[in-house]
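**Student:** One-letter residues, chain by chain:
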Amino acid sequence: MYAFDIERPSTIADAVKALKEEDAQALGGGQTLIPTLKQRLAMPSALVSLTGIGEMKGVCLADDGAVCIGGATNHATVAKEAAAHYPGLAGLAANIGDPAVRNRGTIGGSLANNDPSACYPAAALGSGATIITNAREIAADDYFQGMFETALEDGEVITEVRFPVPEKAHYQKFVQPASRFALVGVFVAKYADGVRVAVTGASENGVFRWSEAEAALSADFSAAALDGLTVPADEMIADLHGSPDYRAHLVKVMTGRAVTAAA
Amino acid sequence: MPKDGGIGASTTRREDVRFLTGKGKYTADINVFGQAAAIFVRSTVANGVIKSIDTSAAESMPGVLAVFTGEDFVDVGGNPAGWLINSRDGEPMKEPKRPVLAHGKVRHVGDAYAAVIAETEQQARDAAEEIIADIEELPAIINMADALAGDNVVHDEIGTNQCFDWGWIEDNRAATDEAIRNAPHVTTLELVNNRLVPNAMEPRASIGTYDAAGDSYLLQTTSQNPHLTRLLISAFVLGIPENKLTVIAPDVGGGFGSKIYHYGEEALVLAASKKVGRPVKWVADRTESFLSDAHGRDHVTKIELACEKDGTFIAFRTTTLANVGAYLSNFSTATPTFLHGTLMAGNYTVPNVYVNLKAVFTNTAPVDAYRGAGRPEATYSIERVIDMAARELGMDPVELRRKNFIKRDQFPFTSAAGLEYDSGDYDALMDKMEAIVDRKAFEERRKASEAKGKLRGLGINAYVEACGIAPSNLVGVLGSRVGLYDAATVRVNATGNLSVMVGAHSHGQGHETVFPQIVADMLGIDPASVDIVHGDTSKIPFGMGTYGSRSLAVCGSAMVRATEKIIAKAKKIAAHMLEASADDVDFAEGQFTVKGTDKSVSFGEVALKAYIPHNYPLEDIEPGLEETAFYDPANFTYPSGAYACEVEVDPETGKVTIERFTACDDFGNVMNPMIVSGQVHGGVVQGIGQALLENTTYDENGQLLSASYMDYVMPRADDLPFIAVSHDGGTPCTHNPLGAKGCGEGGAIGSPPTVVNAVIDALQSGGKNVTHIDMPLTPARVWAAMNNA
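Chains as they are written, first to last, in my numbering: chain H, 1 to 263; chain G, 1001 to 1789.
Next comes chain H alone, as it looks inside the complex (with noise of 0.2 Å):
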């Protein structure tokens, strides 16, 4: 680690204050960024943590029955809080990483990394969720604009993600061993118009919604609905853990079997 200073802002604007200084960098649970810096990989001047700000903290539900999770909010509170009123979204946060990431590790961070690997991302694109900054809103499908890049601009804060809730969900996760991140993760979600199929772990271009799966799936929501389907091993990730092919493959199975798990 380099030396850096830390600043503990307790208000949104304090923190969006704090980030216009030069190469101050925002730290959610730190569950990225502290290996990172570990390993001397980013020299920031200033961390300005963002888990002391309490309106950016907790879940509700918005007049139209959105969930609405506050950006600093960890995991383990989303299992616990969103289960009773979206359940496929609380499930998935249950399975991210092991109980001590689920207790440091934000959904404002992990969106805001982006990693291909991470699971929030398919929640948000398979929900059609909205970003909400201290900006603006961003609507996820606009939001995710390949590996580790965002629409967020430098110093933008996600302040909390609304998530419109389904008829039915579920997140199939296919662990890559090592990490435990998904080798393949697959988020379905049926709303009353239609189904949005989300894929995280994938693709080298990020998390992705597989349309064709969409379309078929709208008009019959069960796993046979897949058959005669495939998925392109184009752009799909290679690394020790799988081939593109494997990957490919995985999709469609994954998708399955959330739909099965779902219905």
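Honestly, the hints are just simulated from the structure, not real lab data.
Even for Gly, the Cβ is constructed at its ideal location relative to N, Cα and C.
Some hints here could point you the wrong way.
Claimed, not checked - The calculated lysine to aspartate or glutamate pairs, modelled on EDC-like cross-linking and capped at a C-alpha distance of 16 Å, are:
hint, chain 1, residue 1, chain 2, residue 2
1, G, K1569, G, E1626
2, G, K1097, G, E1071
3, H, K38, G, D1134
4, G, K1454, G, D1650
5, G, K1097, G, D1075
6, H, K38, G, E1071
7, G, K1569, G, D1586
8, G, K1275, G, E1119
9, G, K1051, G, D1134
10, G, K1302, G, E1190
11, H, K38, G, D1285
12, H, K38, G, E1190
13, G, K1275, G, D1211
14, H, K17, H, E156
15, G, K1768, G, E1450
16, H, K252, G, E1652
17, G, K1655, G, D1718
18, H, K252, G, D1650
To be verified - Coverage of chain H stretches by chain G, computed from C-beta distances (three or more under 8 Å per stretch; other residues unrestricted):
hint, segment
19, 169 to 178
20, 249 to 258
Said to hold, decoys possible - Now the in silico label distances, taken between C-beta atoms and shown as ranges:
hint, chain 1, residue 1, chain 2, residue 2, range
21, H, A192, G, A1789, 39 to 47 Å
22, H, G146, G, E1700, 39 to 47 Å
23, H, S211, G, A1724, 46 to 54 Å
With chain H's structure known, arrange chain G on it following the hints.
**Tutor:** For chain G alone, coordinates are given in the frame of chain H:
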């Protein structure tokens, strides 16, 4: 029934109280007044010429006390190989120098070429980043076959990447070739025994302290054998006289082989301490462990099994390339040869065995003994090819093995690979395993799995290994440059309690519990009054350390011999006290008694008399009660086992889950069954890790792709089944006083082929013509194999 706390009792581990309450004291926990910190600068390329290293900026950084490069060590010795192997043509192996810091060339990613000593670790890290090394990168030598074929060499001075080309037993070569040529059936299998990173929980660490007053040195370090480390530093590397160097290995958090060896970092902190006049401490981070600890396994083998139509084995023949990495680690030449080739007859009466093994230098981390060390590689090759042969011959895999087993009444049995197995009963182990497994009900379990959409397979395995290393005379003939005895001093204190100094080092094995059980049992006293002292060369007579499942069989035997001397002397003292002849004194349950009388004195009274020798036969017996024994075993010990594994394979994803695992081992006489079960559990888990999970991978540029826990897959609790363990009723070792065989490695030796055999059985049951998959059997590999079948 064993009495409380004696031999055979499952006494709970006394050392666990401190380990589990955070009271263990590991090298990193030790802070010495005035200590400075060392940080190593390691190569980021696999192969490169060091053109220049500019340390001037680093030297002027805040807090920097000294900077070292390979230049500073050109006049000192190298870290040697402990075993000389001769090639088939009689030529000795190639032995390039292994310097303290890389000089001239860097030879693997992680090869240290400079070190910074500074007031704090942070300052040392900052300064290390200012060292400017001009390293001209060369093409990396990674693949062993390519290494042997090409002109690009790891060590220019030897001009080849072949360390040696070894034949075992060379005189059997022609007969084995002939037997295979004429055999009615030959099964051939090409396989890879995958490289493993040891991953001890505690990374390596060392503190060097030079004392100018006595011109002496202290090294506190993470070692499985402090005496060997002292010997290597004294005799080969730095030339510090042994009487001026103390090596202490305090609590050590696992070794699995990787901490047997002397490493350059240990020499560096000693030399640096003298130069800067302060203690110098280094603690590896996890990345350094991945890149620079000696790795394990890494063989590529072709094995042929020739047999009669009825399954009678005629010959095993193997050709193997064994990776030794960039430098020869201390046991790296013994591990693939005499700990591997000599086991290639397995548990079988097969008359012909021939092993050809070439050791190959590559631009990868050095490879050396890792739990099992050569024997897992032998067992894996043998037991995989037997399973394949059973399938080809249409025979039951258990029956094929039984048909060829050495029978109980054939021991001692000299195998076709040259070892004399002293005892064993392989059929009895197989009987026990089959009873636990309940093979008759397996088809029912398979149907239940199939009803869930899963394939189910049963894999079985038999193993024999050679451990408790080793008879010095034998290993000397075979090329060992050290003796492999061990030593113990039993010191009876005046008040009757005991301190036992042992050469074996305990770093998870439970010696602090088991060794006192044995001494207490022999003396008829409370085990709580016996403590062992280990890991400190200034306190212990000598020791060759802990590896090769040798602590109990070798050092424990030395301790028994020393205790016998104590009893003999104490009996003389007691006889004097009882006014009887020593021949008329019996010793039992801690009491010396004149035969046929009720006259007796206790062990404690005799101890006190030895130290307060009033009315004492000083003309015949020295005061004091302390004895030392060195024990050199007559032979290896030969543990054996029969293992079974049941797996489910998800045909959609290729994921393997282990549903049942059974380990029946013969470890001879068992001193503490609970601790032995723990050793089996740990070994089996490491074997399952090798079989299914652990995926050490260098890319073509020599970068270690699996260099962190984000990619290197260690077995975790949810990867593992309940393990049924049985090790009662073993056949005692015939040549050591405890009748004990080593138990530390059997689990890691027996389990990998068992798991792979089970997966192949599962895939075959699903109609997939898959005959082999190389470890680790990851979901992606299993899926690919199914889809190519």
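**Student:** Next, verify each hint and record whether it holds.
**Tutor:** Each hint, compared with the structure:
1. Of the pairs offered as hints, the one joining K1569 of chain G and E1626 of chain G holds, with about 9 Å between alpha carbons and a cut-off of 16 Å not exceeded.
2. A C-alpha spacing of about 14 Å is found between K1097 of chain G and E1071 of chain G, which places the hinted pair at or below 16 Å, so the restraint holds.
3. A threshold of 16 Å between alpha carbons decides the hint, and for K38 of chain H with D1134 of chain G the separation of about 26 Å lies outside it, so the pair is violated.
4. Between the alpha carbons of K1454 of chain G and D1650 of chain G the distance comes to roughly 5 Å, so the proposed pair stays at or under 16 Å and holds.
5. As the CA atoms of K1097 of chain G and D1075 of chain G are separated by approximately 12 Å, the hinted pair is consistent with the 16 Å bound.
6. At most 16 Å may separate the alpha-carbon atoms for a hinted pair to count; K38 of chain H and E1071 of chain G exceed this at roughly 31 Å.
7. Annotation: proposed proximity of K1569 of chain G to D1586 of chain G holds, straight-line Cα distance about 13 Å (limit 16 Å).
8. For the hint linking K1275 of chain G to E1119 of chain G, the alpha-carbon distance of about 14 Å falls within 16 Å, and the restraint holds.
9. Proposed proximity of K1051 of chain G and D1134 of chain G is supported: the alpha carbons are some 5 Å apart, at most 16 Å.
10. Under the criterion of a C-alpha separation no larger than 16 Å, the hint pairing K1302 of chain G with E1190 of chain G is consistent with the structure, at around 4 Å.
11. A hinted pair counts as satisfied when its Cα atoms are at most 16 Å apart, and K38 of chain H with D1285 of chain G qualifies at roughly 11 Å.
12. Between K38 of chain H and E1190 of chain G, the direct Cα distance comes to roughly 43 Å. Violation of the 16 Å bound is thereby established for this hinted pair.
13. A threshold of 16 Å between alpha carbons decides the hint, and for K1275 of chain G with D1211 of chain G the separation of about 11 Å falls inside it, so the pair holds.
14. Simply put, K17 of chain H and E156 of chain H have alpha-carbon atoms about 10 Å apart, close enough for the 16 Å limit, and the pair holds.
15. Pair hint K1768 of chain G plus E1450 of chain G holds up; C-alpha atoms about 15 Å apart against a cutoff of 16 Å.
16. With a CA separation close to 10 Å, the supplied pair K252 of chain H and E1652 of chain G stays within the 16 Å bound.
17. For the hint pairing K1655 of chain G with D1718 of chain G, the CA-to-CA distance comes to about 13 Å; that is within 16 Å, so the pair holds.
18. A C-alpha spacing of about 15 Å is found between K252 of chain H and D1650 of chain G, which places the hinted pair at or below 16 Å, so the restraint holds.
19. Only residues whose beta carbon comes within less than 8 Å of a beta carbon in chain G count, and the segment 169 to 178 of chain H has 3; three or more means the coverage holds.
20. Taking a C-beta to C-beta cut-off of 8 Å, the segment 249 to 258 of chain H contributes 3 residues in contact with chain G, enough for the three needed, and the coverage statement holds.
21. Between A192 of chain H and A1789 of chain G, the C-beta spacing of about 45 Å keeps the proposed range 39 to 47 Å intact.
22. With their beta carbons about 27 Å apart, G146 of chain H and E1700 of chain G fall outside the hinted range of 39 to 47 Å.
23. Between S211 of chain H and A1724 of chain G the Cβ separation comes to about 50 Å, which falls inside the hinted range of 46 to 54 Å.
Comparing the model with each numbered hint stated earlier shows that hints 3, 6, 12, 22 do not hold.
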